[in-house]
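There are 2 protein chains.
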Amino acid sequence: MAPRTKGTAADLAWTSVFPAGERGDRLSYVEIMRAVIRAIEAGRLARGTRLPSGRDLARMLKIGRNTAMLAYGGLVEQGYLVVRPRSGVVVADQMPSPATPPAEAGEAAGPDWRGRFKIALADDAAGAARAGDAEPVFAFTYGQFDPSLFPTNHWRECERAALSVLEIAQWGRDVVDEDDVELVEQLRRHILPHHGIWARPDEIIITLGGQQARYLVAQLLAGRGTVVGMENPGLADFRHILGATEAVIRELVIDEGGLVVSEALDRCDYVYVSGGHQCPTTAVMPAERRLALLERAAARDFIVIEDSYDNELLREPSALAALKGLDRHQRVIHIGSLSKLVAPGLRLGFIVAPALVIRQVRALRRLIHRHPPGNNQRALAIFIERGYYRGYLRRAAKALGERSLALDAALRRWMPDFAWRHSEGASSFWVEGPEGFDCRRIAPAAAARGVVFDAGDRFFHGPDPCRRFMRLGVSSIPAAKIDAGIRALSEAVRQCRA
Amino acid sequence: MAPRTKGTAADLAWTSVFPAGERGDRLSYVEIMRAVIRAIEAGRLARGTRLPSGRDLARMLKIGRNTAMLAYGGLVEQGYLVVRPRSGVVVADQMPSPATPPAEAGEAAGPDWRGRFKIALADDAAGAARAGDAEPVFAFTYGQFDPSLFPTNHWRECERAALSVLEIAQWGRDVVDEDDVELVEQLRRHILPHHGIWARPDEIIITLGGQQARYLVAQLLAGRGTVVGMENPGLADFRHILGATEAVIRELVIDEGGLVVSEALDRCDYVYVSGGHQCPTTAVMPAERRLALLERAAARDFIVIEDSYDNELLREPSALAALKGLDRHQRVIHIGSLSKLVAPGLRLGFIVAPALVIRQVRALRRLIHRHPPGNNQRALAIFIERGYYRGYLRRAAKALGERSLALDAALRRWMPDFAWRHSEGASSFWVEGPEGFDCRRIAPAAAARGVVFDAGDRFFHGPDPCRRFMRLGVSSIPAAKIDAGIRALSEAVRQCRA
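Protein sequences appear in the order of chains A and B. Take 1215 as the starting number for the first sequence in the numbering used here and just add one per residue. Take 1215 as the starting number for the second sequence in the numbering used here and just add one per residue.
Among the clues, some could well be false.
One copy or two, it doesn't matter: identical chains are merged, so the pair holds either way.
Derived DMTMM-like pairs: lysine to aspartate or glutamate, alpha-carbon spacing no greater than 25 Å straight-line [as the list claims (entries may be wrong)]:
| # | residue 1 | residue 2 |
| --- | --- | --- |
| 1 | 1332 | 1451 |
| 2 | 1332 | 1515 |
| 3 | 1612 | 1391 |
| 4 | 1695 | 1349 |
| 5 | 1332 | 1255 |
| 6 | 1276 | 1509 |
| 7 | 1695 | 1638 |
| 8 | 1612 | 1371 |
| 9 | 1276 | 1502 |
| 10 | 1695 | 1416 |
| 11 | 1332 | 1460 |
| 12 | 1695 | 1646 |
| 13 | 1695 | 1616 |
| 14 | 1695 | 1705 |
| 15 | 1276 | 1638 |
| 16 | 1276 | 1245 |
| 17 | 1695 | 1291 |
| 18 | 1332 | 1480 |
Just so you know, the hints here were simulated from the structure itself, not pulled from any lab data. Here the structure is a predicted model, which means the values were calculated and not measured.
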């Protein structure tokens, strides 16, 4: 697989590994060895990479063949390279790339990149599990994936069905700015109606998960001076997205019914509402307040951005219509996820909004990446059509309901001086510690006991965010581990108090 | 699947279909019929949607059960609804949603959306095939998918392999801002080295196709007043992306060796180069010019954005190292596609850049949509690892080479007064018409004969873009159809002359 090196032009490919060619003087075998070792240790030459043959190397670097062979011999002896039949000289397998490669000696300093960045982006993946991390024993992080719930056989069947020659001809294409018509159809027939939304196809666009739906809406509608009302505490990610648009964020009060509808909303151009279960408190907005919010939006000319956060497991038939379902004044933009609960890694979500808005979102999405991958859209359409999505939601609701009961019992047992809020169908608990509790301070002690959770302060806005809260999710922890997990968490709390 | 309507709260879900409930007066059966017909004709109630039972409807709308049954009876009689055993009353299948639904009588006008859009987005999907379109007989459009070349069995095998329980546990997760480590590894071992690029994992990010790579780079680095040099003619999409950033575009001259390296570049902050085959001329930049460009970038402090456009089929081993492979001054950002040739619908691409830049791009991508779908990344990693990618490229190169020969012969035969440019391994021809030729004027006549192509004017910048050119792609047209296609095209040209 490695490039063979036949012509002079091809030699250019090795320029960055053997950079001394330009000086005109010939490399010694020690210099060649150093160059290869540097490239391997810098992580540039991956394990298994095939090097040029001795003959090619000699020709490329204008050195004697003996010099080339001496260099390779030395590198094989030192274990950097191995000789493989038919492949020639390749980089040894047991030479791991260092995790943090050393600074490269021969590398020029390069331009002032930092001065060139137009947006300042915080690295806010805090608390999120990394692919390389060891799995925590007790994972109470929100929204994480539970392979034990994943409908492996059903999903396989649907991916296979999407791989028929006929289907491939459909989704294999670059459809520029379109969506999979089947997925849109399944969405409007089988998913949106559960939330009281009866949408036309031209009022729907498929996105790469809820995250991209939020990004597209913010990019299209928020700019310098746009006033966006945000729940406080609320979804930190939407604040970050808005941060890049120069919009002004107005902090809005929430209570046990979610966002409080008051005159505080009137000066907003947009009001963001996490609409299934409020993020992070899990509050569900009562029907009267929903209607009041919509009336106010029409009277005061603001738009409601409804993020159907964590709404998949709302009791079915949905206890309450989504705001979008009640939207007679065309003032609601509805955002949702299709994959969060099934497998977040699939990254599929959607926006429902007036056709005029969807057309603009579509043009914007086209600039960003054209369209979401076709095969996944088609497989998910089949998954919904065959009833597997609905069936999966039922199983997930059952499992998460059991876990929620177990978590409630464990909290009562081990952390009776804490208070918590949890609404039916929500996949997390919002837990408040007693006076003096600091979620950031106990996090390391908890982690040492294998317990991870979402620190509550990241949902609060302001210079000194409240640290009294934790969010405990149940989407990936088995019910049987919950009691022991909360016990370990309570020990961490006790340790920090002492 | 349709929502059952049991509780009062659930009735809210039907509010937008039967809106008169709020008036307090009871609906007549005619009014109910009208409401249902309106919702069906507006495309809101999809075929197969189940309506509330007569009993539920009566309770919801506070009407007599007889009124409800009369309304449903009338609708069944008129063919809008059908009665299905076990499902009750559902919307009839033969009621197609109108393509352009009529304005809805009961719908409020809604807010002034246009005044709210922060970015003006042109609908520039011109020339692109739509999912609903009939396949043209002779499709000379660029970059389109050829199902007959798609390695169906190999791809199926890899998707299946990515569906093992172990694999699902890996890709099913929300990995926040990470990439599939296997795909990155395959990329740096088996794909980048062919272009002379030896990159560390932290210098690579996976994107949703080349399009998103371009978007991310532009968003991060271009802002008000940033000067970006663009080839003219060049990739229109990158101009559109830049248009949303308030960057200043400087038009740069190209010749048969691609971008001309001159003092015109010196005032640029960034210089965009379509680096495999120049878009749209297919020119390949010679080695000396590559080195001169990089030296100039270092001397004049600009950055080169290298878009490895249409480079997958460059002769192997790559005749020339990519600019990134020669980049000793850390001044090249390299953009590439992994799926364009295999199946553009998969949407996978990448960026190679200094680690500092990749970290920022990663933070930006996280805001936009977190990460590309995990299952496709894993399936593609397996596809590359098993050698299928390389094998596919070989087959595709062979097929496209044959088609290019056929196209060259057909042009000589039928359009001898035209001139064209095509470099080995490019998947398109850049065809120049004789004096007076207008690509836009012949497009309708060509389409009438089943011939579609990319009009050349969209690659030129300026108020009066040159219309002398067409781009003819060979990625989706079978060799056997090329002669007849060019003959038909020549007839269209002749017709327009007459």
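For each hint, the structure was consulted:
In this assembly of identical chains, residue 1332 and residue 1451 lie within 25 Å of each other by CA distance both inside one copy and across copies; the values are 19 Å within and 21 Å between. Only between protomers do residue 1332 and residue 1515 lie at most 25 Å apart by alpha-carbon distance; the minimum there is 17 Å, versus 32 Å within a single protomer. Taking the shortest alpha-carbon separations for residue 1612 and residue 1391, neither the intra-copy value of 38 Å nor the inter-copy value of 30 Å comes in at or below 25 Å. Taking identical chains as interchangeable, the C-alpha atoms of residue 1695 and residue 1349 lie at most 25 Å apart only when both belong to the same chain, with a minimum of 14 Å there against 56 Å between chains.
Proximity of residue 1332 and residue 1255 under a CA criterion of 25 Å is satisfied in neither setting, with 33 Å inside one chain copy and 48 Å between copies. For the identical chains of this complex, residue 1276 and residue 1509 are inter-copy neighbours only, at 24 Å across copies versus 80 Å inside a copy, given an alpha-carbon limit of 25 Å. Proximity of residue 1695 and residue 1638 under a CA criterion of 25 Å is satisfied intra-copy only: 21 Å inside one chain copy versus 61 Å between copies. Taking the closest pair of Cα atoms, residue 1612 and residue 1371 come within 25 Å of each other only inside a single copy of the chain (23 Å); across copies the shortest separation is 34 Å, beyond that limit.
In this assembly of identical chains, residue 1276 and residue 1502 lie within 25 Å of each other by CA distance solely across copies; the values are 19 Å between and 83 Å within a copy. For a Cα distance limit of 25 Å, the shortest separation of residue 1695 from residue 1416 qualifies neither inside one copy, at 46 Å, nor across copies, at 36 Å. Within a single copy, residue 1332 and residue 1460 get their C-alpha atoms as close as 13 Å, and across copies as close as 12 Å, so both meet the 25 Å cut-off. Taking CA atoms no more than 25 Å apart as the test, residue 1695 paired with residue 1646 passes inside one copy only; the shortest distance there is 21 Å, against 70 Å between copies.
In this assembly of identical chains, the alpha carbons of residue 1695 and residue 1616 lie at most 25 Å apart only when taken from the same copy (12 Å versus 62 Å across copies). Taking the shortest Cα distances, residue 1695 and residue 1705 sit within 25 Å of each other inside one copy (15 Å), while across copies they are farther apart (75 Å). Taking identical chains as interchangeable, the C-alpha atoms of residue 1276 and residue 1638 are never at most 25 Å apart, the minima being 74 Å within one chain and 29 Å between chains. Taking identical chains as interchangeable, the C-alpha atoms of residue 1276 and residue 1245 lie at most 25 Å apart only when both belong to the same chain, with a minimum of 14 Å there against 91 Å between chains.
In this homomeric assembly, residue 1695 and residue 1291 never come within 25 Å of each other (Cα to Cα): the closest approach is 51 Å inside a single copy and 58 Å across copies. In this homomeric assembly, residue 1332 and residue 1480 come within 25 Å of each other (Cα to Cα) only across copies, at 21 Å, whereas the closest approach inside a single copy is 32 Å.
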